[in-house]
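If you read the sequences in order, they're chains F and Y.
Using the numbering used here, the letters of the first sequence map in sequence onto residues 1 to 190.
Using the numbering used here, the letters of the second sequence map in sequence onto residues 1001 to 1190.
Heads up, a few of these hints could be off.
Straight line, CA to CA, 25 Å or less: simulated SDA-like cross-link-like pairs of lysine to any residue [claimed, not checked]:
(1) Y/Lys1011 - F/Leu105
(2) Y/Lys1125 - F/Leu105
(3) F/Lys56 - F/Ser128
(4) F/Lys11 - Y/Ser1057
(5) F/Lys92 - F/Asp55
(6) F/Lys56 - F/Gln135
(7) F/Lys109 - F/Ile144
(8) Y/Lys1011 - F/Gly87
(9) Y/Lys1125 - F/Glu129
(10) Y/Lys1056 - F/Asp46
(11) F/Lys92 - F/Leu105
Derived from the structure by calculation, the hints contain no laboratory data.
2 protein chains.
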Amino acid sequence: MPRLAPVELAKSYRLLNHGPTVLVSSAHEGRSNVMAAAWAMPLDFDPPKVLVVVDKSTLTRQLMEASGEFVLNIPCKAQAAQVLAAGSQSGKEVDKFAASELSPLPACKVGAPLVAGCIAHLECKIISEPRNEQQYDLFIGEIIAAQADPDVFSNGHWHFDGHDDKRSLHYVAGGHFMVIGEEIDVSPSP
Amino acid sequence: MPRLAPVELAKSYRLLNHGPTVLVSSAHEGRSNVMAAAWAMPLDFDPPKVLVVVDKSTLTRQLMEASGEFVLNIPCKAQAAQVLAAGSQSGKEVDKFAASELSPLPACKVGAPLVAGCIAHLECKIISEPRNEQQYDLFIGEIIAAQADPDVFSNGHWHFDGHDDKRSLHYVAGGHFMVIGEEIDVSPSP
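With the rest of the complex left out, here is chain F (with noise of 0.2 Å):
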């Protein structure tokens, strides 16, 4: 079982901010389910917000509308293959968590899970828009938790050096992504 440090709300968009690939995970009445997302952002500091795109023919959808929860999950290079399979496969036809070999974990504030072995965590309350969500398949969702793994995040920064297989992954398409790489630091002009 991972280590997870929480992460105090007001710099829990950082966990976000680089634009990694997401696993969205949800449940309600016994049934839960994980997919891969691509299309997730900040949205707002305080309180922290996020956006995420779920289309309207996928369990998760029906999930999150049921429950008014999810999370988002951050998986790592180690994780590519089951990232691929959870985006691949429809939860109304197989069980996700399963089919992907990716395992629940309790959430501290949903009852969503989180996703093992991930390096972040974002629990999540939707705020109700139905006009993005009927018309664009967008979801608001206001953080009310948020944890990650202290070998790469700490102090409300990135830190994947030595641990090449914690790195996040950015999908592109295809079965392609890249993995995040190298920290930059510029000093601000005087």
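With the hints as your guide, set chain Y onto chain F.
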């Protein structure tokens, strides 16, 4: 002047899919501006749409609202200092192109300029959604033209090997960026 190649609209989402930080450029009645934004992502494939968050206090917001257009430019590692400069000052106070040492170039289909030296450009026309704009500072754009640097993007895929200075930037906070790293291909399960 960089050699830019057109990107077919159906694959233009792939320019943003891996979550790079962007430069938003805009213009209206002879005034133009450029700002950095980490909060931009694809919203739809066909017609291709993007989301970007632009604060009410910015000149970019004024120019976008007045013109109904903007460009998302994808800057690269060689431009990190300029991106930070474009994200740290206000176009209401300084000429941001000059202050950031960035150069505007004419776009194909919009009045907003392209930012020279970037590895890709998405020219967008705003799809008006007043509630999102007012409540969340959130804008939806339809991509009406896209170009990319063929050194690093062709046939719908990024290929940064051998072009480290052209790798995309992924902002965290406080002048701290990450650069996109290695590519990995995962075969779908049989």
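How the hints compare with the structure:
Simply put, lysine 1011 of chain Y and leucine 105 of chain F have alpha-carbon atoms about 36 Å apart, too far for the 25 Å limit, and the pair is violated. About 43 Å separates the Cα atoms of lysine 1125 of chain Y and leucine 105 of chain F, which puts this hinted pair outside 25 Å; it is violated. The straight-line distance between the Cα atoms of lysine 56 of chain F and serine 128 of chain F is roughly 15 Å, inside the 25 Å bound, and the hint therefore holds. For a cut-off of 25 Å, the pair hint linking lysine 11 of chain F to serine 1057 of chain Y stands: about 22 Å separates their Cα positions.
The suggested pairing of lysine 92 of chain F with aspartate 55 of chain F holds, with an alpha-carbon distance near 13 Å, which does not exceed 25 Å. Taken as a hint, the lysine 56 of chain F and glutamine 135 of chain F pair is honoured in the structure, with Cα atoms around 10 Å apart against an allowance of 25 Å. A hinted pair counts as satisfied when its Cα atoms are at most 25 Å apart, and lysine 109 of chain F with isoleucine 144 of chain F qualifies at roughly 7 Å. About 18 Å separates the Cα atoms of lysine 1011 of chain Y and glycine 87 of chain F, which keeps this hinted pair within 25 Å; it holds.
The straight-line distance between the Cα atoms of lysine 1125 of chain Y and glutamate 129 of chain F is roughly 23 Å, inside the 25 Å bound, and the hint therefore holds. A hinted pair counts as satisfied when its Cα atoms are at most 25 Å apart, and lysine 1056 of chain Y with aspartate 46 of chain F qualifies at roughly 16 Å. Taking the CA atoms of lysine 92 of chain F and leucine 105 of chain F, the gap is about 21 Å. The hint holds against a cut of 25 Å.
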